[in-house]
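Asks: The whole structure should be built from the sequences, with the hints applied where relevant.
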Amino acid sequence: MKKGLKIFALGILVIILFTIDFPLKESTLYGRYANTNYQNPTCCVEAPHEPDTLILFRDGHFESKFYGKGRFEVSKGFETRIKLHYISNGVPASGNTYFSNQLFEKTKIILNADLNHVYTKID
1 MKKGLKIFAL GILVIILFTI DFPLKESTLY GRYANTNYQN PTCCVEAPHE
51 PDTLILFRDG HFESKFYGKG RFEVSKGFET RIKLHYISNG VPASGNTYFS
101 NQLFEKTKII LNADLNHVYT KID
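Oh and the sequence shown: position 100 is 100 in the UniProt record's numbering, straight run, nothing missing.
Treat the hints as calculated values from the structure; they're not laboratory data.
From a predicted model like this one, the values you see are computed outputs, not experimental measurements.
Glycine included, every Cβ here is placed at the ideal spot set by N, Cα and C.
Be aware that one or more of the hints could be misleading.
Between beta-carbon pairs, the in silico distance windows are [what the hints assert, rightly or not]:
#1 Leu10 <-> Tyr30: 34 to 42 Å
#2 Leu5 <-> Phe57: 46 to 54 Å
#3 Asn89 <-> Asp114: 38 to 46 Å
#4 Asp59 <-> Lys6: 45 to 53 Å
#5 Leu10 <-> Glu79: 19 to 27 Å
#6 Lys6 <-> His85: 21 to 29 Å
#7 Leu10 <-> Ile87: 45 to 53 Å
#8 Asn116 <-> Ser88: 20 to 28 Å
#9 Tyr30 <-> Gly68: 32 to 40 Å
#10 Ser75 <-> Ile7: 32 to 40 Å
Computed cross-link-like contacts, DSBU-like style, restricted to lysine-lysine with a CA-CA straight-line distance of at most 30 Å [what the hints assert, rightly or not]:
#11 Lys65 <-> Lys83
#12 Lys83 <-> Lys25
#13 Lys2 <-> Lys25
#14 Lys65 <-> Lys76
#15 Lys108 <-> Lys76
#16 Lys3 <-> Lys25
Replies: Right, dumping it as structure tokens:
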């Protein structure tokens with residue numbers, strides 16, 4: 001009985017380790033992210049549904065073909081969130097989402113979790 005309980009507990013621990021998001025380090029956060037799974041049906045207009053690269057710079061600015069140039073804020077808590085501030089059709093706009101940083105996976109910025117529409121870190 002005790003052996004079965006230990007195996008069960010170990011299995012739960014392994015599942016947790018492979019499904020939680022780990023905190024992001026500064027070196028992990030900045031860099032280039034490629035838009036992936038963008039070919040899914042358009043679910044939201046604030047996400048690019050075409051090839052795009054988002055570059056996060058250490059000074060708090062970003063560049064992207066879709067969003068243009070703007071600035072971003074990162075807040076760390078239970079999950080690491082990112083808020084993009086940019087101009088859309090001449091009007092200030094913003095997008096608010098979060099990072100995924102799971103074990104043995106590349107860092108991602110989630111655009112639509114259900115459709116796995118994300119920016120995946122490429123360098």
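Asks: Against each hint, give a clear statement of whether it holds in the structure.
Replies: Taking the hints in turn, this is what the structure says about them:
Distance hint for Leu10 and Tyr30: a CB-CB separation of about 36 Å, consistent with the stated range 34 to 42 Å. In this structure, Leu5 and Phe57 meet the distance hint of 46 to 54 Å, their C-beta atoms being roughly 50 Å apart. Restraint check, Asn89 to Asp114: a C-beta distance of roughly 27 Å breaks the suggested window 38 to 46 Å. Separated by about 50 Å at the C-beta atoms, Asp59 and Lys6 satisfy the suggested range of 45 to 53 Å.
A hinted range of 19 to 27 Å holds for the C-beta pair Leu10 and Glu79, which are about 26 Å apart. At about 50 Å, the CB distance of Lys6 to His85 disagrees with the hint of 21 to 29 Å. For Leu10 paired with Ile87, a C-beta distance near 51 Å keeps the hint of 45 to 53 Å intact. For Asn116 paired with Ser88, a C-beta distance near 24 Å keeps the hint of 20 to 28 Å intact.
Tyr30 and Gly68 have their C-beta atoms about 19 Å apart, which leaves the hinted 32 to 40 Å range violated. Evaluation of the 32 to 40 Å hint for Ser75 and Ile7 yields a pass: the beta carbon distance comes to about 39 Å. Pair hint Lys65 plus Lys83 holds up; C-alpha atoms about 17 Å apart against a cutoff of 30 Å. Note on Lys83 and Lys25: the hinted pairing holds, with a Cα-Cα distance of about 17 Å set against a maximum of 30 Å.
As the CA atoms of Lys2 and Lys25 are separated by approximately 39 Å, the hinted pair breaks the 30 Å bound. Pair hint Lys65 plus Lys76 holds up; C-alpha atoms about 26 Å apart against a cutoff of 30 Å. Between Lys108 and Lys76 the CA atoms are separated by roughly 15 Å; this keeps the pair inside 30 Å, and the hint holds. Restraint check: the Cα-Cα separation between Lys3 and Lys25 comes to about 37 Å, which exceeds 30 Å; the hinted pair is violated.
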